[in-house]
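> Generate coordinates for the entire structure from the input sequences, incorporating the hints supplied.
There are 2 protein chains.
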Amino acid sequence: MKKYCFGIDVGGTTIKCGLFSTDGNLLDKWEITTRTEENGVHILPDIAAAINQKIEDRGLTKNEIEGIGLDIPGPVNEKGVCMLAVNLHWGQVNIVREMEKMTGIRTKALNDANAAALGECWKGGGAGHKNLIMVTLGTGIGGGVVVEGKVIAGAHGSGGEIGHVHVTEELNEPCNCGNVGCLEQVASATGIVRLAKMQLDQNPDQPSVLRGKAFTAKDVWDAVKAGDEAADAIAEKFGLYLGRALAAFACVTDPEIYVIGGGVSKAGNVILDYVQKYYRQYAFPGCKDAAFALATLGNDAGIYGAAKVVL
Amino acid sequence: MKKYCFGIDVGGTTIKCGLFSTDGNLLDKWEITTRTEENGVHILPDIAAAINQKIEDRGLTKNEIEGIGLDIPGPVNEKGVCMLAVNLHWGQVNIVREMEKMTGIRTKALNDANAAALGECWKGGGAGHKNLIMVTLGTGIGGGVVVEGKVIAGAHGSGGEIGHVHVTEELNEPCNCGNVGCLEQVASATGIVRLAKMQLDQNPDQPSVLRGKAFTAKDVWDAVKAGDEAADAIAEKFGLYLGRALAAFACVTDPEIYVIGGGVSKAGNVILDYVQKYYRQYAFPGCKDAAFALATLGNDAGIYGAAKVVL
Chain F
336 MKKYCFGIDV GGTTIKCGLF STDGNLLDKW EITTRTEENG VHILPDIAAA INQKIEDRGL
396 TKNEIEGIGL DIPGPVNEKG VCMLAVNLHW GQVNIVREME KMTGIRTKAL NDANAAALGE
456 CWKGGGAGHK NLIMVTLGTG IGGGVVVEGK VIAGAHGSGG EIGHVHVTEE LNEPCNCGNV
516 GCLEQVASAT GIVRLAKMQL DQNPDQPSVL RGKAFTAKDV WDAVKAGDEA ADAIAEKFGL
576 YLGRALAAFA CVTDPEIYVI GGGVSKAGNV ILDYVQKYYR QYAFPGCKDA AFALATLGND
636 AGIYGAAKVV L
Chain Z
336 MKKYCFGIDV GGTTIKCGLF STDGNLLDKW EITTRTEENG VHILPDIAAA INQKIEDRGL
396 TKNEIEGIGL DIPGPVNEKG VCMLAVNLHW GQVNIVREME KMTGIRTKAL NDANAAALGE
456 CWKGGGAGHK NLIMVTLGTG IGGGVVVEGK VIAGAHGSGG EIGHVHVTEE LNEPCNCGNV
516 GCLEQVASAT GIVRLAKMQL DQNPDQPSVL RGKAFTAKDV WDAVKAGDEA ADAIAEKFGL
576 YLGRALAAFA CVTDPEIYVI GGGVSKAGNV ILDYVQKYYR QYAFPGCKDA AFALATLGND
636 AGIYGAAKVV L
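Protein chains in written order, with this note's numbering: chain F, 336 to 646; chain Z, 336 to 646.
By construction, these hints were calculated from the structure, which means they are not laboratory data. There are no misleading hints in this set.
Because identical chains share one entry, a pair is satisfied inside a single copy or across any pair of copies.
Derived SDA-like pairs: lysine to any residue, alpha-carbon spacing no greater than 20 angstroms straight-line: (1) K623 x L419; (2) K485 x N412; (3) K465 x K485; (4) K485 x P408; (5) K443 x E483; (6) K623 x G409; (7) K623 x P509; (8) K485 x E413; (9) K623 x E413; (10) K623 x N412; (11) K485 x E591; (12) K623 x V515; (13) K414 x K485; (14) K414 x H464; (15) K465 x G484; (16) K414 x G484; (17) K623 x G516.
In this text the structure is predicted, and so the values were computed from the model without any measurement.
If you want it as C-alpha cells, here you go:
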C-alpha cells in the first residue's frame, strides 16, 4: 500500500477534493467549481489539473499515490463508466479511462450516494462495521449498500437506489423516477412536507403549530420535539414507511447497521426512534437487533468514500 | 487450483454428496442418510467418512482436493458456524472446524438456500451472470443473493431470507417466523393454497374447478393454464406479492437476473409471466429490464453451490 490517495466528490456546483493518507487521515481538503458548460467537458480535466497541482505543491511523487477515487451524481457501472449525469450535463463518460490518461494514476469511479455509504462505513457513523445500509434523506433519498466492506454498484448501476422502493398506494402523483408511491415521495425532506400536508388536510380539526404557514421538514421535526400531536402522527407515518422499507432490505443483505444521513437527519436521534420502532416490528427475527446510527461525516462522506474505494 | 472439490447438501432426511472437477463437472453423486439422533452428532463424522471413502475408492490424494463445501438447512455465519438447525437437531455447531479436523481438507459452510442460489448462478438458470437473486418456492420460501459471484451470508446469517419480507396487511395468522404478512405466507406452495382459499371464500359465486375439493398449489397452476377465472385472480395476487417484493430487492443489489426454483416452479413459464408483470410495474426504471428464468438444476442446486463456494 502506498502512502496517499485522493477522494473526489463531484457535485453539480462544486467539486470537493481530499488528499488522504492511506490509513484514513484527511490531510488536505479543498474545493473547485464544477464547470458544467459545453456538456461538462471541463470537469475531468479540471480535476486532473487540481490533483497534479496538489502533488506538485506538496512535493509528492506519483509513485506515492495509491489511486484516485471519484464519485458523481449519477449511476456508474463497474467499469467506471457514467451512463448519464444530468446535473453535470454529462451523457456517457468513461471516467476511469479519462482520468487515468490525464493523471497516470489508477482511478475508480462510483455513484455519490454509494460513496457516502462507503465513507460512513469507513470513518463515520458505521465505523467498525463491514455490512451497512446508508440512507441519505435530503431533497430526495440516496442510498448505499455495503457488504463485506465493498459497496454494491449493481448490474445497472442502481445498487442502493433505495429511495425508489414502492411503499404506498396512498399517492397519485408520480415520483421523479416515473413510478408512483416511492419511499422518496414520503420520507425525503420534500416527502415529509407532503406527509405533513396530508395529515393537516385529512384532520382539519386537529390543532398544530404547523397550520397556516409554509413549513419545512425541519419545522415538522421541531414540532415533533415540542410535543405537537399532528407532527407526531406525521413522524409515525415517516417511521412506518422508512422502517418497514429497511426491514424489507434486511432480508436481502442483512446488515449490521443502518446509518441515516442527509439534511433531514440533523433533527437528531428522534428520527431513529420512529424508524427503529417500525423496523423492529417488520424485520425478520434474525435481523431485528441490527444497530441504527446517525451519519457523522456530513458533507465529507463523499470524499472519504471515494478515497476508500481505491484502497 | 487443484483438480477436485466436494459439494455436500445436508437435508433433514438425506445428505446429497457430489464430487466435482474444479472446472464444474459433476463426476460422481451419491446420498447418505441424515442421522439426526443424539442431537445430530453423527452427521459431520458420517460426511467425513463418506468423503474419505470416496477419495480412497477413486485412488485420489487429498492434495488433489481444493476443498469441501457444505450447506445446511439453517443460518451459517461467515466463519462457518451454524447457529441453529432445527431439522438436524443441532444447536451451535462449528462446521468448518469439525470438518477440517476430520478430513484435513479446507472446508466452507453456508445456508442451503444460499447454496442453491450460488449453484444456479454457476451452472443453472442464472449461468453466465454474476449478480442474481434466487427464490425457491417450496413448502416455505428460501432465497439467496449473489453479488459479483459471491453469495451474501449477512451479518446474522439472514442474507437472502426473502421469504420473510412483509408484503401484506391482509393476514391475521402469524408466519412460522413469528411476524405476520410475510411473502412466504402468500407465495410458497402453502401460501398459494392460502390465497386460493381466500379467493374462493371471498367470491362465493365465482365458479372454479378448485371448488369442493382439497387442492394443492399444482392444482391451482393447472387451473390457471386451463383458463379458470378464479385461478387467474389467485395467480395475479401471487404475481403482485412476489413481483413487487423482487422490485423492492432490486433497489438494494440491482441483480441482472431473478431465478425462480423449488416445487412451485415446476408449473413452468406461466409463473414468470405473472411475476414479471408486477416486477416491471414496481421496479426502479434502471432495473426494469432485468431477466427472469426458471431454475434448472432441481435438487442438485445445493451440491453445485456448495462446491462453488470453495472455488
